[in-house]
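Asks: Residues per chain, in single letters:
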Amino acid sequence: MPAPKIAIDYDKCTTPFDCKKCLQICPQGVFWVLPVKNVKFQETDPKEPGAWKLTVQYRALCPNCGKCVEVCPVEAITITMNDKGKKR
Amino acid sequence: MCEYCDKYGEGTLWYLNPKNYGRQLYRRRRPGYVPDAVSYRQQRDKLWTEYFEAVADEKENVEELRQELDSLVRSEEPCQVVPLNDCLQLVEIAQPIVSMSCICRKQMRAADERSPAEYTCTGLGVGMLKWERWPERYRGGVHFMSIDEAKEWLIRLDKKGMMHCVMVYGTSYGGRPFVGGLCNCDYPDCYEIRHRLDFNITHHLLKSHYVAMIDFELCNGCGICAQRCQFGALKMENSRGKANIDMLSCFGCGLCQTACPRSAITLVERETIPALKEEW
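Protein sequences appear in the order of chains L and E. Residue numbering for the first sequence follows this note's numbering, starting at 42 and increasing by one per position. Residue numbering for the second sequence follows this note's numbering, starting at 1126 and increasing by one per position.
To be clear, the hints were calculated from the coordinates, so they are not data collected in a lab. The reader is advised that the hints may include incorrect statements.
[Stated by the list, open to error] Here are some chain E residues the structure puts well away from chain L; computed CB gaps all over 12 Å:
| hint | residue |
| --- | --- |
| 1 | C1127 |
| 2 | L1138 |
| 3 | D1170 |
| 4 | A1181 |
| 5 | N1186 |
| 6 | R1199 |
| 7 | M1233 |
[Stated by the list, open to error] Here are the simulated PhoX-like cross-link-like pairs (lysine-lysine), alpha carbons at most 25 Å apart as the crow flies:
| hint | chain 1 | residue 1 | chain 2 | residue 2 |
| --- | --- | --- | --- | --- |
| 8 | L | K62 | E | K1231 |
| 9 | L | K81 | E | K1132 |
| 10 | L | K81 | E | K1285 |
[To be verified] Not close to chain L: a few residues of chain E, all C-beta gaps over 10 Å, as computed:
| hint | residue |
| --- | --- |
| 11 | Q1167 |
| 12 | V1180 |
| 13 | Q1192 |
| 14 | Q1232 |
| 15 | A1235 |
| 16 | M1287 |
| 17 | D1323 |
| 18 | C1347 |
| 19 | Q1352 |
| 20 | N1363 |
| 21 | S1364 |
| 22 | M1372 |
| 23 | A1384 |
| 24 | W1405 |
We put the beta carbon where it would ideally sit given N, CA and C, even for glycine.
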């Protein structure tokens, strides 16, 4: 059955590398955090809003346990079950 | 013999052949290289996203995408598991050797490794001289190690329960692989292990040239090895009161072997087990 859909609100989630709560708590390691602002010879600042981006890399492994939703301080993550599938 | 030993081993294991550490291999352009063409990384990243989404949504083209991705990785960035003993030989021929922050852990768990005490990745070869010039971007850059320091470092990480694999950059560059990294990985924060185990992309992590076997008489069932297997191959078997290794799942990383206080586990050459000969 298809995996749940995970949506991230990027207006709310701005400094994921600094916060890293969801990245650390996820039992399946579903998320990736990537630097989107790359300046040569400069480290991407973890505290700069928008410089890092939280992405959902391994959605196939998500069991919708809700840990990331719970732990997110800005309520940026929503997970919805995929209609096509039954309960996972 | 694995496909890389066959092509690049010249009588030894391919990662123990000094020719594959040649300084002139680094950054050599592949024949027919076009500067503005889509790079390997861009191609790979795009395919990754497509493939992982296809798996999540159970699309029909999953197998097609998997094969495409696997053949791309095979030609550009294959990895192979290397047990500690071979690693200790390997650092004698690869120079320079550095410790540095691990990019997988940074991406997957937002690990912020900032000093040699925290670093968990090993870099090999002349490429490291370039990385050193970018200290801000790479967190205090890289920490150069002597051969003896490198050996100590690898043994320390092995004790922590990290398995090692060699990383190759561009097997098609100059017709040879350039061995550029020696990763110290554990599941799930290593993408090589995950892509092999969870997504079946074979060339992201090939099995090693060995497979672990337990001496039935020597094993006393202490269970120290049981928590170290990254691949779910080793478990304690209740009925026998001893550890058991599933040889088909074993990647031959040797983590169980280095932990065994009774030396009951040995690494046997994969070649000597008829049905595992071609299992990579």
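Asks: All the hints need checking, so say for each whether the structure fits it.
Replies: Going down the list of hints, with the structure as the test:
| no. | hint | verdict |
| --- | --- | --- |
| 1 | C1127 | holds, 28 Å |
| 2 | L1138 | holds, 31 Å |
| 3 | D1170 | violated, 10 Å |
| 4 | A1181 | violated, 4 Å |
| 5 | N1186 | holds, 15 Å |
| 6 | R1199 | holds, 21 Å |
| 7 | M1233 | violated, 5 Å |
| 8 | L/K62 to E/K1231 | holds, 13 Å |
| 9 | L/K81 to E/K1132 | violated, 37 Å |
| 10 | L/K81 to E/K1285 | violated, 34 Å |
| 11 | Q1167 | holds, 14 Å |
| 12 | V1180 | violated, 4 Å |
| 13 | Q1192 | holds, 18 Å |
| 14 | Q1232 | violated, 5 Å |
| 15 | A1235 | violated, 4 Å |
| 16 | M1287 | holds, 16 Å |
| 17 | D1323 | violated, 6 Å |
| 18 | C1347 | holds, 28 Å |
| 19 | Q1352 | holds, 17 Å |
| 20 | N1363 | holds, 26 Å |
| 21 | S1364 | holds, 30 Å |
| 22 | M1372 | holds, 26 Å |
| 23 | A1384 | holds, 24 Å |
| 24 | W1405 | holds, 24 Å |
Violated hints, in rising order: 3, 4, 7, 9, 10, 12, 14, 15 and 17; the structure is consistent with all others.
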